[in-house]
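Engineer: Heads up: the sequence lines are chains A and B, in that order. The numbering used here puts the first residue of the first sequence at 189, with every later residue one more than the last. The numbering used here puts the first residue of the second sequence at 29, with every later residue one more than the last.
Please note that the accuracy of each hint is not assured.
To be verified - Reference excerpt, derived from the structure (chain B facing chain A, CB under 7 Å, subset only):
{"id": "1", "residue": "PRO30"}
{"id": "2", "residue": "GLU108"}
{"id": "3", "residue": "LEU112"}
{"id": "4", "residue": "GLU131"}
{"id": "5", "residue": "PRO134"}
Said to hold, decoys possible - Take a look, some chain A residues computed to stay more than 10 Å from chain B by CB distance:
{"id": "6", "residue": "ASP227"}
{"id": "7", "residue": "LEU266"}
{"id": "8", "residue": "ASP267"}
{"id": "9", "residue": "ALA314"}
{"id": "10", "residue": "THR333"}
{"id": "11", "residue": "GLU344"}
{"id": "12", "residue": "ILE363"}
{"id": "13", "residue": "GLU372"}
{"id": "14", "residue": "LEU510"}
{"id": "15", "residue": "GLY538"}
{"id": "16", "residue": "ALA541"}
The set of hints was computed from the structure by calculation and includes no laboratory data. No residue lacks a Cβ here, since even glycine has one placed at the ideal position from N, Cα and C.
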Amino acid sequence: MSGGDDGGTIAAEYAVADAHRREWAFVLAATARIAGDLDLAEECVQDAYLAALVAWARDGVPHRPGAWLTATAKRKALDVLRREKVFRSKMPLLVEPAEEEVLQVPDEDAVPDDRLRLVFTCCHPALAREAQVALTLRLVCGVSTGDIARAFLVSEATMAARVTRAKKKIAAARIPYRVPEAAELPERLDSVLTVIHLLFTTGHTAPSGSDLVRADLADRALHLTRMLLALMPDEPEVRGLLALLLLTDARRATRIDVEGRLLVLAEQDRSAWDRTAIAEGNRLLVGAFRTGRVGRYALQGAIASLHAVAASYATTDWRQVLGLYDELLKVWPSPVVALNRAVAVSMVRGPAAALDEIEILEQGGRLAGYHYLPAVRADLLRRLGRHHESAAAYRAALDLADNEAERRFLVARLAEAVDSGSGRSSEG
Amino acid sequence: MPQYAILIYSPAPADPMDLTPDYVELLERYPAQVEELGGRAVTGFALQSSTTATSVRGDVITDGPFIEAKEVIAGFMILEAPDLDIALQIARLNPATRDGGAEVRPLFVPPME
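Put together the whole structure using the sequences plus the hints.
Structural biologist: What follows is the structure, given as structure tokens:
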């Protein structure tokens, strides 16, 4: 092999990897419409990427790699469908393609809907949440089943079975490959946003497992939200979600200290927060609130924004944070929101008032097993100087927490509580 | 068009003679709504109260529905609909979903040779 060939091969490999990251969703979505079957589409798209490695090394990287890949994958799909007339008759196409449409060179800007179709199909409410997440990563992001399995701490066989089962249900139950109509859009969009948010929080909070894979999940979620916003620029909640993710992610570098210990919001080095991300998040929020149709993501984003712009934890505009939590509870009456609201209550009306709210939540029972509930209770008791009770609550939180960084944080707080408690004989 | 079974679940014993007048009124409007949404009811039946059910497992015959539950199958229909979204919209309009529920299952079509 000559030096020139090597150069071509390396350039081709780089271009294919780049196109995989950027164009996978576009290529698969366009191919799925022709194939009428996600499995077949996936196979053809994988073949097209393999073919690109060879063809681009030989002929150079095409001007529009995504168009090249789409045309190649569509042609492969059409070949298969022609060969298997039987297949075609038993699996009528979800959307009948016109022959000329198949062969024309696709334009990324002209048919953006295909990617939306794909996203809405993957996040269809008839699929279990975990299947929605797996399908979105596999089909929209092109992440390998093995990597998805590692990110969610299940075996590759389990994840492969999950993806296969979901794809079979889409075919057997005829989950349509289309963007929902206006009337059903808010509900269906919420399902998409929930999946993306779940991807992000899995990456951001890292319940356990390898950090590297997890960081990749957070990046994937950001990328997906940007894509969604480009496709649905008029949806304030998409804007709100992107703002929320950016404003939360801006703190990524400061959430853990050099020893891997978790730093709570009050302890983080605010000067190291990503100001560019914060500025972008704030701009997006202004746009979302201007529409007057804000939902839970824009409201959560606004809360994250108040934290992002505050000079310190103590000087945060807690009154406004509390007001936003009140609004958030109206649109999203979740006990987790109520728990976070209790923290804001403690900053406005004091820890004793917040403790009352926590007791209501404990009686409700819906947060049983959620380690943040005893952790918040422990912190409130600590601030009230009730160290023995605080230590007991930290122990309860430790029993429930899995993440190593969070456990170390709780162990340190527990030790402080025990020390303070033993220093005050009146309490013992 | 694909066909779906819509299995209707209602609080036991799901006696159709106990249906309230406004429930009956909703039921009477249902066929027209099915058509409007682009579906076609192939057939549909209500069942007598689950107290009339008899279950058979192996050689054992027992009184009552197959699984003891708060909700029992009250009826079923076979629906033709263009896709699952339409089938779900139709199922959602069934008055049984107010105090019970409906399960939507595609009918099995044997694969062709």
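Engineer: Taking the hints in turn, state whether each one holds.
Structural biologist: Hint check:
no.	hint	result
1	PRO30	holds (5 Å)
2	GLU108	violated (11 Å)
3	LEU112	holds (5 Å)
4	GLU131	violated (11 Å)
5	PRO134	holds (5 Å)
6	ASP227	holds (15 Å)
7	LEU266	holds (21 Å)
8	ASP267	holds (21 Å)
9	ALA314	violated (6 Å)
10	THR333	holds (25 Å)
11	GLU344	holds (29 Å)
12	ILE363	violated (5 Å)
13	GLU372	violated (8 Å)
14	LEU510	holds (37 Å)
15	GLY538	holds (45 Å)
16	ALA541	holds (40 Å)
Checked against the numbered hints above, the structure violates hints 2, 4, 9, 12 and 13; every other hint is satisfied.
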